[in-house]
Amino acid sequence: MTGSATVFGQRRRRREDAPLLTGTARYLADLIEPDMAVMRVIRSNHAHARIACIDFATVARQPECLGFLSAAELPPDLGRLPAFDLCESSAAIHHPVLAGDVARYAGQPIAIVLARDAYTAEDLAELVRVDYEPLAPVMTVDDALRPHAPRLYPELGSNVVHETTQLVGDPEFAFAAAATGVGAVIIEQDFAFPRVMASSMEMRGAIARLEADTGRYLVHSSTQVPQVLRDELARITGLPRERLRVIAPAIGGGFGAKESIYPEEVLVLLAAMRFDLTVCWTEDRVESVTATVHGREEHLRIRAAVHENGIVTALEADCLADIGGAYALLSNTPGAAIATLRGPYRIANFRSRTRSVVTNKTPLNVYRGAGYPQATLAMERILDVAAARLGLDRAEIRRRNLLQPEEFPVDRGVDYPGCPNIVFDSGDFPACLESTLEAIDYTNFATRRAAATTGNALGIGLSFVVEMTASGPAEPARLRLRADGRLELLSGITPIGQGSETTILQILAAHLRVSEDALVFRAGDTDLAPDAPGTFASRGATMGGNAAVAAGTAFVTAARALLAELREVPLEHIVWDGGLLVEQNGHNQPMTLQALCELARSAGIDPLERLDAHAVFPDSGIAHASGCHAAVVSVDTATGIVHVLDYAVTHDCGRVANPLLVDGQIMGGVVQGLGTALFEALRYDANGLPLARGFAEYVLPTAATAPRFALRHIETPSPLNPLGMKGAGEAGCTGAAAAIVNAVADALAPFGVELGCGPFSPDHVHELLYKDPSPC
Amino acid sequence: MASTEEWLPLSMTVDRRLVCSRVRPRHLLSDVLREHAGATGVHIGCGQGICGACTVVIDGVPARACLMLAVQAEGCRIQTVASLAELEGNPVGPEGLTRLQTAFRQHHALQCGFCTPGLLVSTAVFLARNAAPSRDAIVDHLNGHLCRCTGYANIIAAIESLAR
Amino acid sequence: MAARDFRLTPSPFRYARPSNLNEAVTLLRDRHTDIRILAGGQSLIPLLAQRIVRPHLVIDINRIADLDQIVPCHDHIRMGALVRQEQARVSSVVRTEVPGLSEALDWVASPVIRARGTVVGNLVANAPGTELPAVALALGARFVVRDTRGERQVDAAELLGLGCRLAPDALVTQVLWPRNPGRGGFYEVARRLGHAPVVGAMVSIGSDRCRVGLCGVAAVGLACPTVADALYRRFPAAPDLAEIDRLLARDLREPAFGTDFVGAEYRRRVAPVVIQRALASAAAAGAGRH
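Chains as they are written, first to last, in numbering that gives the first Met the number 0: chain S, 0 to 775; chain Y, 0 to 163; chain E, 0 to 289.
I should point out that these hints are in silico values taken from the structure, not numbers from a laboratory.
Incorrect hints may appear among the rest.
Label-pair distances were calculated between CB atoms; the ranges are [stated by the list, open to error]:
# : chain 1 : residue 1 : chain 2 : residue 2 : range
1 : E       : T25       : Y       : V91       : 48 to 54 Å
2 : Y       : G74       : E       : H55       : 24 to 30 Å
3 : Y       : E85       : S       : Y769      : 20 to 26 Å
4 : S       : P62       : Y       : S160      : 53 to 59 Å
5 : S       : E395      : Y       : G92       : 49 to 55 Å
6 : E       : T25       : Y       : S20       : 37 to 43 Å
7 : S       : P75       : E       : H55       : 41 to 47 Å
8 : E       : D29       : Y       : G74       : 55 to 61 Å
In the DMTMM-like style, the derived pairs of lysine to aspartate or glutamate whose C-alpha atoms are separated by at most 25 Å in a straight line are [stated by the list, open to error]:
#  : chain 1 : residue 1 : chain 2 : residue 2
9  : S       : K770      : E       : D154
10 : S       : K770      : E       : D259
11 : S       : K770      : S       : D635
12 : S       : K770      : S       : E187
13 : S       : K770      : E       : E242
14 : S       : K770      : E       : D65
15 : S       : K770      : E       : D244
16 : S       : K770      : S       : D189
17 : S       : K770      : S       : E753
Quick reminder that beta carbons are idealized off the backbone N, C-alpha and C, glycines included.
My request is simple: use the sequences and hints to build the entire structure.
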């Protein structure tokens, strides 16, 4: 039982690996049984249309049809999908589970059919006839803002559904000063970030069944937020919370896309209730292109005033986010972008505005990094452009603008939904910068560039990430003794592949000084953790770990108290020592928990009831992780192909519980960011249908994309939580596209090209290189 | 309608077990392996033959199960990740993992694990045919597998550690 | 792209698994409008699964004997309809006698797809921008086509040219590659290494002539005889990019081809580079060549 505190910080291999490696882990699709009814969703194939008629006559005649539903057949008091908008100023629009009279995006659920198997369900779906009256689709933010643009929600009078602003200092004055100042420059740049898809390898799915013995509905879903889902299902359907149980099975990746509450999750439950069947649904990849939320699409216009010494005196940003036709979290992506835009740089004068605009596309929600990748790219690009204009080295301009360690904590003067005051808690930005410059061999880069073979242009790019992590709400945890003698942690952190079990139990084992073998991790089940926020925003390890520690402390107190009671001594006489209870000044041997249980039972006390501790780790404020990224790319100028050769990251996520897993998160995030920088963009055709059916059209990174990595850590513990930890899940993704863009810009600088934000596909690079220059 | 479709008998060996069932001609092997043979280690990541998560070995040749009709497997010997020890040609270790699985675990070459079984099957065959592959050869082999979590670096390292 | 809400399950069809060619062609004579041949399945199954094609009958030819042979004949290499891409790729007789083909196969798809996909199947599918049809056109391959009336040989251009297709009651049983030992090279650019080809070029330098094939600049593969002749005359010296570009302009007869993802302009501009690199690859090809 006894372990060591030093397990915190070790490169522990994962406990969760064996079932994954042997193929015996049970993901959602593995829970499907032959007697389940399979649900198939009929989806709008128009971006914007009135739904004139849904004709089930033919399908209703088929003996294989077990049921069908459209909006007309749903209970009239059925709730709508949640909009977790954290801003009071936003338009109150809530989306229906099934489209009623209007479809607002291609892929929007219109109806469902049920059959015994997926093949038949698809056959039946084809027999459902939907008559549409097409409406003019609004496919871009520009279209949506035009004075006479169709209103997606006529009752709102506008397609702008949310707006927030930030103001720090006196940017007006600073810009005016720069305009008249000698040697100062004003830089303006527009960035059009494309739509991307999270593209987890496991798609979504859900199962709903009535448990005969309890009368409760059990819903399984591939979701990052089972507790939130349970509450929302209760609200929408009117079922009491107690009659619902939600379980998240093994999940094959989420990246934020499985954080929304989706129509299909409600529909399996509604169908189960209506038709008295166990109903299952799994997404296919073609469906997923329109059915699962997208990420990132926004237009960011930046203006910066830069003194001739490189100091950025003012920054101004205007952000327009294309959030699609319906929304679950309409302010998060752009709100995060404008709050964090200045990154690690002092920039005393700042103003920004963000607006969320509805268009006839799939709803937009968060995807790994939410708005930070866009903000980071914009800020880092501005710095490189300024450096070039002023004749400064790119590292030097950053040095001059970075906040210094002695300035911490730094109140940034901006707010974010749920966080009225963004304060950088800890960090050492200069150390991250110097470390990364060393890791990428920055001082020798000029030599390396000169030695590149003809036709290959080398470039180097830097980026700096400051990331909000470890957010609230408060995180519960429960630690209890099992009959088999092990300690069971019931966690609210639903694992989605990042190794939460290993990380959190390492933390707990270190805190209790017990062996990890003495611990059991259970999560993803509302019966075990009834109220928990879920897994998102790089909060899992920090909040889950601190909550586990709090539960561990409470457990230890409970165990000491029980023995103190049995021995009739004060609590202070009992000490916990690595799983053993030691009586000070006593004549008894250190007692194991097992022996404690026997003693308790002999006194007529049920030890398992007493050795069951609940704790809640409060929302302690946002812990800011940070890091400096550097990339070296080689551009084959004849073909436009970009190779990423080297990638260095120095990352600071406070105290690191498991560096092996944190490195894994960073590398995985970086390669996702490379995907965004080089390949990934989901475009729509003129009719409002996406130009992709899957991975043949939407190109994902492969092993050939992976660069040589140099990863380093700096630890500036966060003062906001006892463990001093910060999150790491999104950092790789946040900095990668920015570093790549800067590196490509550097490689192409001799050619005098102006870059946007990518993706830098070969044809796009080629176009930059060889299109006719505009007349000066 | 579907009810007039024919049923065809299907008899195949899956991970050394004889599986006899009946299928429609249009049933894909990926679905039938999962549903009739209980081979849930065959994962469907795209259904379009691109991601590689459904890779199995059929009569010694690696194949995408989502790009085959189940009826084509009549009389065939199919190995999934459950047969990995056999595919690698050596027994499992004391922890119940093969050499390849152990290397993956050691190198943290998996996160959510969804792409992993298909990747392991394909890699076992690759290593059986290429005992000492170069990094380029490994990258080329991995071209047929998508992983969204790891960024591939640890997967390459895990395979390189076995390439002697 | 057409609107669709298909899951990835095929629509219903009948299935036949003939054990010989006569049976197969007899089945093809059936008047149903849509019959598909299933060989490797790597091209067909995705179309079935997405219900893009909805045949009444699928004829599985995988159990027909003697279609999986690569046989050297006096002036050609005969490749049966069931010869897998990987099998052809590693065949030493193909590498020596049909330079350019093995090199192209190095770039086709990925190892597991090649293990089942067939050379003939890939050719007959003739998907726009893919490698093998361009190679077949450039090398002057011929197909053996069988129907109930018998067997005949057909030039690649008759099957793989713009607007051409195989008659619905016919089956390709063999592809014949002219023997022309020498050096071969292939080079391709894609949106990502290993993704579908955007533009690819094959250069095959034999003892008596050179052949150049190009995929991705037209909807079908392109033989480039003007480029090929110039390369042959100059070999081992290579013409510069500008000259390859001028020569290519004379071979380009088909309308410019672009997709929603990569437009025609890039394809046309990068084609000379791709040809140049395929040539360099051929020039560097190993020992044992003429």
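Handout entry: Pairwise beta carbon distance, E85(Y) to Y769(S), judged against the given window 20 to 26 Å
Key = Hint violated: Cβ distance 54 Å, outside 20 to 26 Å.
Practice task
Mind checking the hinted window 24 to 30 Å against the Cβ distance between G74(Y) and H55(E)?
Solution key: About 26 Å separates the Cβ atoms of G74(Y) and H55(E), which means 24 to 30 Å holds.
Handout entry: Outcome for the supplied range 53 to 59 Å, where the beta carbon pair is P62(S) and S160(Y)
Key = 57 Å, holds
Exercise for the section: Please work out if K770(S) and D244(E) have their alpha carbons no farther apart than 25 Å. Expected result: 17 Å, holds
Handout entry: Restraint status (C-alpha distance of K770(S) to E242(E) at most 25 Å)
Key = At roughly 20 Å apart (the allowed maximum being 25 Å), E242(E) and K770(S) satisfy the hint.
Problem - Hinted pair K770(S) and D65(E), Cα distance within 25 Å - result: Violated - the C-alpha atoms of D65(E) and K770(S) are around 54 Å apart, more than 25 Å.
Practice task
Take the C-beta atom of T25(E) and the C-beta atom of V91(Y), compute their distance, and say whether it sits inside 48 to 54 Å.
Solution key: Given a distance of about 51 Å, which is inside 48 to 54 Å, the answer is holds.
Practice task
Just tell me: holds or violated, for the beta carbon distance of D29(E) and G74(Y) against 55 to 61 Å?
Solution key: Violated, at about 26 Å.
Handout entry: Range agreement (Cβ of H55(E) with Cβ of P75(S), hint 41 to 47 Å)
Key = 45 Å, holds
Practice task
Sort out whether E187(S) lies within 25 Å of K770(S), counting only the CA atoms.
Solution key: 22 Å, holds
Practice task
Take a quick look at whether K770(S) and D154(E) sit within 25 Å of each other, Cα to Cα.
Solution key: This hinted pair is violated, its Cα atoms lying about 40 Å apart.
Exercise for the section: Take the C-alpha atoms of K770(S) and D189(S), compute the straight-line distance between them, and say whether it is at most 25 Å. Expected result: 20 Å, holds
In terms of the numbered hints stated before, the structure departs from hints 3, 6, 8, 9 and 14, listed from lowest to highest.
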